[in-house]
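*Asks:* Going down the list, the sequences are from chains A and B.
Okay, so the first sequence: first residue is 1 according to my numbering, each after it adds one.
Okay, so the second sequence: first residue is 299 according to my numbering, each after it adds one.
Treat the hints as calculated values from the structure; they're not laboratory data.
None of these values were measured; they are calculated from a predicted model.
The beta carbon of each residue, even a glycine, is placed where N, CA and C say it ideally should be.
Incorrect hints may appear among the rest.
[Stated by the list, open to error] Where chain A lies over chain B, by a calculated footprint (3+ residues, C-beta under 8 Å):
no., segment
1, 399-409
2, 454-465
[Said to hold, decoys possible] Reference excerpt, derived from the structure (chain B facing chain A, CB under 10 Å, subset only):
no., residue
3, D306
4, A350
5, V352
6, Q354
7, I356
8, L359
9, F362
10, A473
11, Q474
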Amino acid sequence: MGGTKIIAGIAFLFVSSLALLLTGCSGSQAGGVLRVGSKNFTEQVVLGEIIAQHLEHRLHQKVERKLNLGGTLLAHQALLAGEIDLYPEYSGTALVAVLKEPIQTDPAAVLGLVRSEYARRFHVAWLDSLGINNGFAMVVRGDNKKLETLSNAARNPKPWALGVGYEFEQRVDGLRALQNTYSLRTSSIKTMDLGLLYRAMEDGQVDMIAANATDGLLSKLDVKVLEDDKHAFPPYELCIAAREDRLNSVPGLREALAELSGKFTDRKMQELNYQVDGRHRPVADIAAEFLQSIEGTK
Amino acid sequence: MRPDLVNDLVQLTGEHLVLVLSAMAVAMLIGVPLGILLTRRTGLRRWLLGFASVMQTIPSLALFGFLIPIPFIGGIGKRTVIIALVLYALLPILRNTFVGIMSVDAAVCESAVAMGMTSGQMLRQVQLPLAAPTILAGIRVATVTTIGTATIAAAIGGGGLGVFIFRGVASVDTAQILAGAVPAALIALAADGGLGWVERKLSRA
């Protein structure tokens with residue numbers, strides 16, 4: 001007798017706490033609090049904070065930050081579940097990791113496909129690009145004055161000592177895409193840790209490295225990013241992905257978010273990343289300064 | 299196991315063993331004589347043991363960062379990795395050599411002197427044989443950790459089983475991570491067992 005009572009008691013507690021939890025979630029979702037998410041690396045956290053501060057400033061309401069979500073799928077699930085209302089995502093990542101579509105290299109086609117599929121499958125809208133394309137970037141030392149594009153580099157009489165990271169080496173849209181598109185002549189290809197690549201190039205151990213377009217170090221070192229003029233690499237354009245129901249129900253949200261479109265460049269993002277990783281400054285300060293700097297350009 | 303991994307496995311395991319054996323040979327050639335020197339030069343003790351301890355605390359990527367620009371010993375590739383592995387292996391060898399010789403019973407040393415042995419004879423015939431199990435224990439610890447640590451060679455283009463691990467992490471491929479981690483662990487276990495056996499032989503003798 002006593003045993004069943006205890007079990008019934010526990011079951012009651014369990015069910016009621018579950019109910020509380022559920023109503024708690026849906027309650028706050030219906031309410032006014034906006035929730036901005038981001039993945040768990042510097043660039044994402046900085047952008048999440050910039051978006052959050054911008055919305056607080058424009059809409060005069062509290063914005064909850066759910067930054068540092070562990071990875072693409074987690075952020076995506078949180079968005080679909082309504083745990084967050086929006087987060088910044090890369091067009092190439094959405095295409096391959098979320099939609100499981102094959103890789104494409106035309107930026108407009110990728111964004112177009114991602115936009116229509118997200119709207120159809122998830123009721124999530126992709127706003128216009130923030131102006132950043134964080135794909136692979138081939139980088140040379142700054143003293144290569146005449147080189148501007150990868151086509152230029154492929155015509156260089158001297159073969160290149162190439163330094164690449166393991167991800168670039170392994171991916172079909174990395175090293176293989178580079179060699180197939182440009183038939184770049186190489187004297188050696190060294191595979192090593194991404195962070196040490198810059199060091200090795202500064203020291204003349206390699207002449208060209210595969211980096212990411214918004215690496216903070218690019219803004220600080222005397223280096224040059226070569227333009228991918230034949231589109232060997234897929235695009236990773238940064239856009240805000242937001243739930244359509246929230247865009248429609250929160251007055252002014254769509255307009256406020258659209259104000260951030262095109263306000264960034266790869267160069268600007270490199271600097272913002274470097275402020276965090278290289279100078280260890282607080283993200284909130286960096287975000288506030290950035291928003292002030294674009295205030296004048298509106 | 300996947301065929302694409304098997305092809306690389308032999309080569310990478312070979313590279314790994316070369317890295318470990320070269321680093322251990324150099325570390326022993328430096329560590330044991332220095333350890334002996336420490337028993338005779340009290341002033342050096344704090345500096346050398348301090349240096350070896352500090353080396354242990356430097357993260358490998360940071361150490362590589364320092365080593366890349368240094369001419370002759372630095373750069374990218376195997377040489378830099380071996381230098382780093384030697385620096386990491388030094389402390390257990392140095393300390394155990396020193397402790398092993400210092401803990402030889404003073405009475406034994408006194409009787410060796412009474413028998414008319416020179417200090418060189420005493421070292422070779424009394425102190426080193428009695429300290430051998432302790433010294434070997436240090437070498438054993440250093441070898442096992444070096445086998446694990448050598449996986450970071452892949453961070454600086456030095457090859458070895460770490461290549462599997464770095465590739466696997468970069469492309470979210472668990473099979474590939476295991477293809478690096480499991481053989482490295484097996485080599486470490488084998489080395490530990492083998493050196494343990496030698497150690498027991500020595501302490502019985």
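*Asks:* Could you check if B/A473 really has its C-beta closer than 10 Å to a C-beta on chain A?
*Replies:* 13 Å, violated
*Asks:* Would you check whether B/Q354 satisfies its interface hint, that is, whether its CB is within less than 10 Å of any CB in chain A?
*Replies:* Constraint on B/Q354 not satisfied, violated at 21 Å.
*Asks:* The hint names B/V352 as touching chain A; please verify it with the least Cβ-Cβ distance against 10 Å.
*Replies:* 21 Å, violated
*Asks:* Please check whether B/I356 passes as an interface residue: C-beta within 10 Å of a C-beta belonging to chain A.
*Replies:* 15 Å, violated
*Asks:* Taking 10 Å as the limit, does the beta-carbon of B/A350 come near enough to a beta-carbon in chain A?
*Replies:* Where the cut-off is 10 Å and the nearest Cβ of chain A is about 24 Å from B/A350, the hint is violated.
*Asks:* Is the interface hint for B/Q474 satisfied, with its Cβ closer than 10 Å to some Cβ of chain A?
*Replies:* 9 Å, holds
*Asks:* Measuring from the C-beta of B/L359 to each C-beta in chain A, is the shortest one below 10 Å?
*Replies:* 6 Å, holds
*Asks:* Per the CB criterion, is B/D306 less than 10 Å away from chain A?
*Replies:* 12 Å, violated
*Asks:* Going by Cβ atoms only, is B/F362 closer than 10 Å to chain A?
*Replies:* OK, holds: B/F362 within 10 Å of chain A, min 6 Å.
*Asks:* Take the segment 399-409 of chain B, compare each residue's beta carbon with every beta carbon of chain A, and decide whether three or more fall closer than 8 Å.
*Replies:* violated (count 0)
*Asks:* How about the segment 454-465 of chain B: do at least three of its residues have a C-beta closer than 8 Å to a C-beta of chain A?
*Replies:* holds (count 5)
Violated hints, in rising order: 1, 3, 4, 5, 6, 7 and 10; the structure is consistent with all others.
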